[in-house]
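**Q** We have chain C; now place chain A onto it with these hints.
The listed protein sequences derive, respectively, from chains C and A.
Read in order, the letters of the first sequence are residues 1 to 387 in this note's numbering.
Read in order, the letters of the second sequence are residues 1001 to 1225 in this note's numbering.
No lab work stands behind these hints, which were simulated from the structure alone.
The beta-carbon is built from N, C-alpha and C at its ideal position, and this holds for glycine as well.
Among these hints, one or two may not hold up.
Heads up, incomplete: computed chain C residues facing chain A, CB under 8 Å, no partners named [unchecked claim]:
| id | residue |
| --- | --- |
| 1 | 255 |
| 2 | 270 |
| 3 | 274 |
| 4 | 275 |
| 5 | 301 |
| 6 | 317 |
| 7 | 339 |
| 8 | 342 |
| 9 | 346 |
| 10 | 351 |
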Amino acid sequence: MKEKSIYEHLKEKGLSRRDFIKLCGTIAGMMGLEFAPPVKALGKMVHPDPTEMVAKALSSQPKLPIVWLEFQDCAGCSEAMSRSSSPLLSKLVLNDLAIEYHETLMASAGYQAEKAKEECLKDYYGRYVLVVEGSPTLAEDGIYCTVAGKSNLDLLREAADGAAAIIATGNCASFGGIPKAKPNPTRACGVGEIIKDKPVVNIPGCPAIPEVTTGTILHFLIMGKLPETDHLKRPLVFYGHTVHDHCLRRPFYEAGKFADNFDGDRARKGYCLYHLGCKGPITYNACASLKWERGLSYPVQSGHPCLGCSEPNFWDGGGFYQGQSAALIPPAAKTSALAAGAGLAAGSTLAGINSAKKNRAKKALASAAENSPTDSTTAAPPEKKEE
Amino acid sequence: MDWTEILRFSRGPLFHFSLIIFIAGMIYRLVRIIFLGWEKDRVKNQGSKWSGVIISYLKGLIILPFIPWVRRTFRNNALTFIAGGLFHLSLFLVLIFGEAHILVWQSLFGVSWAPLPNPIVDWLAAVGIISLIILLINRLTHPVLRLLTKLPVWINWTLVFLPFVTGYIMYHHLWFPYEVIFSLHLIFVCLLLIWIPFSRMSHFLFYFFSRTIHGARAGKRAVSP
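Next up, chain C with everything else stripped away, as it sits in the complex (with noise of 0.2 Å):
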């Protein structure tokens, strides 16, 4: 029997064809399609419009298996997901596109949790995206992590094994994040470190947003692709520019105007965070733009300087609270009292054997005046000539 498409599924559900309309627009717009890609027919180039070609797609194909493990992790990426800003999408995502295991969101437990999540590997072998939430561990084969008996290791190998994509959703998943932080006991890392043969996509953020993890994931059933990235495998459509280049204070920033603390008037007027520790000009995220609930509001908007949670390593950078242009490793008193001793015996040393060596050519002039004391011009003051 050939599969439902997601339309159809929807339409059951009781979403009227101008809904559906509607909701492929969002999506379109969501995933920052501004073109839809060129088709060749009858002969021309012709440029669909981007809803319509979702509109196409979610037609076309059937429900998206989605296997979504959680490793090291606090589960926030997935209580953002399930809070996202559009009720809508995460909906759409979490029961529509069809989510076939997520430990956490999942109503069964225990061995039929584990079964249903066998037969979907099974089953859908080959068609699969894994989500991946929370870092994998290395550390003593993976043994500081386990579900059902299993080592994270295993478990992640497993569910690759079968899968289309792999998308690592939050900073842990994608370069370790918080477990990852020094001094790192269980060996975290991000999933791309462990998982080569497959195509893996990152989406870091503390937590993700929610629009992003489930753009790249329509993006991937639209598509039938992951979307294009970057050198650290992010998306480009979301994380193309810095936190700082969208900044709703960016022009306090442009005119010198920072707030150098956060009960002052200075801050309360929304001046920019920089004195305080604000990591957005090295941050490529898309708060600034997509925002967070229903682009109500994102940290520095709110007044907190933003953290650098969807950078590589982002926990060890660094206070959160001193400034990035800031030192990270300030030499100690002792250390500088160290390196000036080391420079105070240097110089020492080699003045000493200077002086020794004025010394003895001192004398060796007074000997040698002795011995012919008619020659009394060669005993001239010798100590201008040194140095």
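**A** Coordinates of chain A only, in the frame set by chain C:
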């Protein structure tokens, strides 16, 4: 290549290392100079060394920079004087009163102060860069200067110019991603920090020692030198 990591490296270990070399090097140079020997007062000093020092500083920091006509350098080569003066002024103000630099001082010494408005710092930096270029052209075209200029001087110029120009590009977000140009800026600053103690650039500190010594000598009134 992940520039965020390079940036973290240059902000952390590299800067730390360069500062240590800088401190050790400066102390080394200072010790070497001190051990060259002090002049002894063989005859009773009739004048005041302190007044000599004060006059020396007034001349060096107030009269010569701002009333330059008393100086032959200015009368003979006004370009060197003006460009050189503007460069030093710009370097000092940008380094001490730029917002980003204040954060560096704060992380090193724990104190901070009010910054100059960014647009002013921006203009000052532009003035510094232009002055440096003018000084370079002057050095390249002046026959006597060319004879006097050896490799260390070219290195001096390059290592001062690169942090200046990368800082300017970074502030304006031109051409490069921010973290790339930020890393380059820091790497050049670190190279400069390592280079300073072993070159004439050490005059940023030794200038004050030599002004003091020369002032004291000028204030001395005695029969024999």
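**Q** Evaluate each hint against the coordinates.
**A** Against the structure, the hints:
| no. | hint | in the structure |
| --- | --- | --- |
| 1 | 255 | holds (7 Å) |
| 2 | 270 | violated (17 Å) |
| 3 | 274 | holds (7 Å) |
| 4 | 275 | holds (7 Å) |
| 5 | 301 | violated (20 Å) |
| 6 | 317 | holds (6 Å) |
| 7 | 339 | holds (4 Å) |
| 8 | 342 | holds (5 Å) |
| 9 | 346 | holds (5 Å) |
| 10 | 351 | holds (3 Å) |
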